[in-house]
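Chains as they are written, first to last, in my numbering: chain A, 1 to 203; chain B, 204 to 582.
Please keep in mind that the hints were generated in silico from the structure rather than gathered at the bench. Be aware that a few hints might be false.
With a straight-line cut-off of 25 Å between C-alpha atoms, the simulated SDA-like cross-links for lysine to any residue are [stated by the list, open to error]:
1. B/537 / A/28
2. A/60 / B/513
3. A/60 / B/307
4. B/537 / A/18
5. B/537 / A/70
6. B/537 / A/96
7. A/60 / A/12
8. A/60 / A/96
9. A/59 / B/207
10. B/537 / A/40
11. A/59 / B/582
12. B/511 / A/20
13. A/60 / B/288
14. A/59 / B/465
15. A/58 / B/470
16. A/58 / B/562
17. B/537 / A/94
18. A/58 / B/233
Cβ pair distances, simulated, as ranges [to be verified]:
19. B/374 / A/16: 28 to 36 Å
20. B/391 / A/163: 40 to 48 Å
21. A/67 / B/389: 18 to 26 Å
One side only, chain B facing chain A, incomplete, derived with CB under 10 Å [as the list claims (entries may be wrong)]:
22. 534
23. 549
24. 551
25. 574
26. 576
27. 580
Remember, it's a predicted structure, so these values are computed and weren't measured experimentally. All C-beta atoms, glycine included, are put in the ideal place defined by N, C-alpha and C.
Here is what each chain is made of, one letter per residue.
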Amino acid sequence: MSKLRPELQKICEWIEPNSRVLDLGCGDGALLEWLQNNRGVTGYGVDIEPDNVLSCLKKKVNIIQADLSAGLTDFGDGSFDYVIMTQALQALQYPHRILAEMQRVGRQSIVTFPNFGFWKHRIHLMLKGQMPVSKALPAQWYDTQNIHLCTIKDFEEFCSERAMVISKKDIMNYEHRSGLLLRAWPNLLGAVALYQLNAQDLG
Amino acid sequence: MLKIPSDSIGLVTPQIQHFSEKLVLDCGKSLEQYDIVYETYGKLNAAADNAVLVCHALSADHHAAGYHSETDKKPGWWEACIGPGKPIDTNRFFVVSPGNLGQCNGSTGPKSTNPSTGKAYGPDFPMVTVSDWVKYQKRLAERLGLSQWAAVVGGSLGGMQAMQWAIEFPDAVRHAVIIASAPKLSAQNIAFNAVARQAIMSDPDFHEGRYYEHDTVPSGGLKVARMLGHITYLSDDAMGDKFGRDLKDDKLNYHYDVEFEVESYLRYQGESFVNRFDANTYLLMTKALDYFDPASQEQGNLAEAFKKTSAKYFLASFTTDWRFSPERSREIVKALTEAGRDVSYLEFESNHGHDAFLVPMIQYIDAFKQYMDNIEVST
Numbered sequence: 001m002s003k004l005r006p007e008l009q010k011i012c013e014w015i016e017p018n019s020r021v022l023d024l025g026c027g028d029g030a031l032l033e034w035l036q037n038n039r040g041v042t043g044y045g046v047d048i049e050p051d052n053v054l055s056c057l058k059k060k061v062n063i064i065q066a067d068l069s070a071g072l073t074d075f076g077d078g079s080f081d082y083v084i085m086t087q088a089l090q091a092l093q094y095p096h097r098i099l100a101e102m103q104r105v106g107r108q109s110i111v112t113f114p115n116f117g118f119w120k121h122r123i124h125l126m127l128k129g130q131m132p133v134s135k136a137l138p139a140q141w142y143d144t145q146n147i148h149l150c151t152i153k154d155f156e157e158f159c160s161e162r163a164m165v166i167s168k169k170d171i172m173n174y175e176h177r178s179g180l181l182l183r184a185w186p187n188l189l190g191a192v193a194l195y196q197l198n199a200q201d202l203g
Numbered sequence: 204m205l206k207i208p209s210d211s212i213g214l215v216t217p218q219i220q221h222f223s224e225k226l227v228l229d230c231g232k233s234l235e236q237y238d239i240v241y242e243t244y245g246k247l248n249a250a251a252d253n254a255v256l257v258c259h260a261l262s263a264d265h266h267a268a269g270y271h272s273e274t275d276k277k278p279g280w281w282e283a284c285i286g287p288g289k290p291i292d293t294n295r296f297f298v299v300s301p302g303n304l305g306q307c308n309g310s311t312g313p314k315s316t317n318p319s320t321g322k323a324y325g326p327d328f329p330m331v332t333v334s335d336w337v338k339y340q341k342r343l344a345e346r347l348g349l350s351q352w353a354a355v356v357g358g359s360l361g362g363m364q365a366m367q368w369a370i371e372f373p374d375a376v377r378h379a380v381i382i383a384s385a386p387k388l389s390a391q392n393i394a395f396n397a398v399a400r401q402a403i404m405s406d407p408d409f410h411e412g413r414y415y416e417h418d419t420v421p422s423g424g425l426k427v428a429r430m431l432g433h434i435t436y437l438s439d440d441a442m443g444d445k446f447g448r449d450l451k452d453d454k455l456n457y458h459y460d461v462e463f464e465v466e467s468y469l470r471y472q473g474e475s476f477v478n479r480f481d482a483n484t485y486l487l488m489t490k491a492l493d494y495f496d497p498a499s500q501e502q503g504n505l506a507e508a509f510k511k512t513s514a515k516y517f518l519a520s521f522t523t524d525w526r527f528s529p530e531r532s533r534e535i536v537k538a539l540t541e542a543g544r545d546v547s548y549l550e551f552e553s554n555h556g557h558d559a560f561l562v563p564m565i566q567y568i569d570a571f572k573q574y575m576d577n578i579e580v581s582t
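Isolated chain A, as found in the complex:
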């Protein structure tokens, strides 16, 4: 697991063995590969980038090349135990639509995103008067893919407005420790947010 980035390691802890997983924006397929080999997980990765797709094939991870913004129409209701989307929410044209689709397709949804409320971002904006550039958000305002950034507070408000039930959460700083201070002021001290949401009972 050590090869996985810390955020993905945490997700691996959350996933029940032998479950069925859909990984949206799966990148090189590292998460699914680990879950397949160590947790008996089955499922598919979805990604659009040709290099990522080839990496997934190399790792023997099932990969479906598709554009997430076109939605998840190719997947049936409740067809996965988990639908995961790491660090992609903020790059989508309509993040709220994809979240609704994840809720439809999976029993649990797991999302991670960079917290725009992180103190360094706030300082950047307040003292420099410029759009934050950081480890989590390395691009400039004009060429960033991150077009829908939100804070932890924004996200939780969004979930409660839409009656999305948060079943697990973890807030990480760059050292990936979750200390007392971080628990006290997550929206200020957290750099990366991880959430697990229960699917809504539509019946």
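The hints should help you fit chain B onto chain A, whose structure is shown.
Relative to the frame of chain A, chain B by itself:
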């Protein structure tokens, strides 16, 4: 003399197997006996677990790779993908490439002699379906001592055969590779085939399919059929890039003979096709395409059909293919994911239209090769 490229399988020789065990066909008729012509590339390993079946599309045949002689101008139709170091790597796999029943290049078809009349079958050759082909291919496999394919691979109508194999003989297929294909033809696709058939059948030289007896060929009709088909295999962009509105002469001549380059190209395609293809075979192949619909066995539910399969799947499509568009491949992928099967699906940027699956485009070749390389075979 032609220098055969080093990444080619080289010189190959077709072989023929005769089958005298009756084959009952979907149409209700049967063939008492038949020949199948096929080629093989590479070596079967001791465990016999490295065999790959290559299924051909509408106008192709058993000659998928290599050259028949050093003077051949062209190699087999899938030279881009079959050979040493290529996606279907003949250093690893034993490749079997048969010519389908109904074809006109060695396997029994309308041109062959009907043993009960002593004349060519012509229109009396029974209609054959993708499922019928899979059945004769199974017999061929048994004849060659193969109980399971490492992979069944095909593009277009060939992809349909790979799908049918996985459904009909689940234990005999470890991987199904389905490229630029569809779960069934759309109304528009059937319509194109219908026009092609009408062109052939309305040719005065057709003689209701008995043109061999009249020593004629419905060449005008077959030409038009091929020209129509060819338009649908290319993309608008590819045609535009290749010909634009270029003229044969530098001026307009105000006549009905060839004026635009694209007309000249289509006529050439039509004419060279007439020299190598049989009109009755063209009719049969288009009908086999029209009839293919494996979901019909499951009340239209393709996922149900795939639930009974045990193969892993690789699918690919090409952005400008409008005859078998990416959406059609995605229908198959959707059914496979719903059935819980292992599947990878790739969509390649290409301006070659449907014919892109025959073109050695680097991203396609790399991904196809990676998938095939992952298939485990004994050494």
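Structure-based check of all given hints:
| no. | hint | result |
| --- | --- | --- |
| 1 | B/537 / A/28 | holds (22 Å) |
| 2 | A/60 / B/513 | holds (17 Å) |
| 3 | A/60 / B/307 | violated (40 Å) |
| 4 | B/537 / A/18 | holds (22 Å) |
| 5 | B/537 / A/70 | holds (14 Å) |
| 6 | B/537 / A/96 | holds (23 Å) |
| 7 | A/60 / A/12 | holds (18 Å) |
| 8 | A/60 / A/96 | violated (31 Å) |
| 9 | A/59 / B/207 | violated (35 Å) |
| 10 | B/537 / A/40 | holds (23 Å) |
| 11 | A/59 / B/582 | holds (21 Å) |
| 12 | B/511 / A/20 | holds (19 Å) |
| 13 | A/60 / B/288 | holds (20 Å) |
| 14 | A/59 / B/465 | violated (45 Å) |
| 15 | A/58 / B/470 | violated (44 Å) |
| 16 | A/58 / B/562 | holds (22 Å) |
| 17 | B/537 / A/94 | holds (23 Å) |
| 18 | A/58 / B/233 | violated (45 Å) |
| 19 | B/374 / A/16: 28 to 36 Å | holds (31 Å) |
| 20 | B/391 / A/163: 40 to 48 Å | holds (44 Å) |
| 21 | A/67 / B/389: 18 to 26 Å | holds (23 Å) |
| 22 | 534 | holds (9 Å) |
| 23 | 549 | holds (5 Å) |
| 24 | 551 | holds (8 Å) |
| 25 | 574 | holds (6 Å) |
| 26 | 576 | holds (9 Å) |
| 27 | 580 | violated (15 Å) |
Hint check: violations occur at hints 3, 8, 9, 14, 15, 18 and 27; the rest are consistent with the structure.
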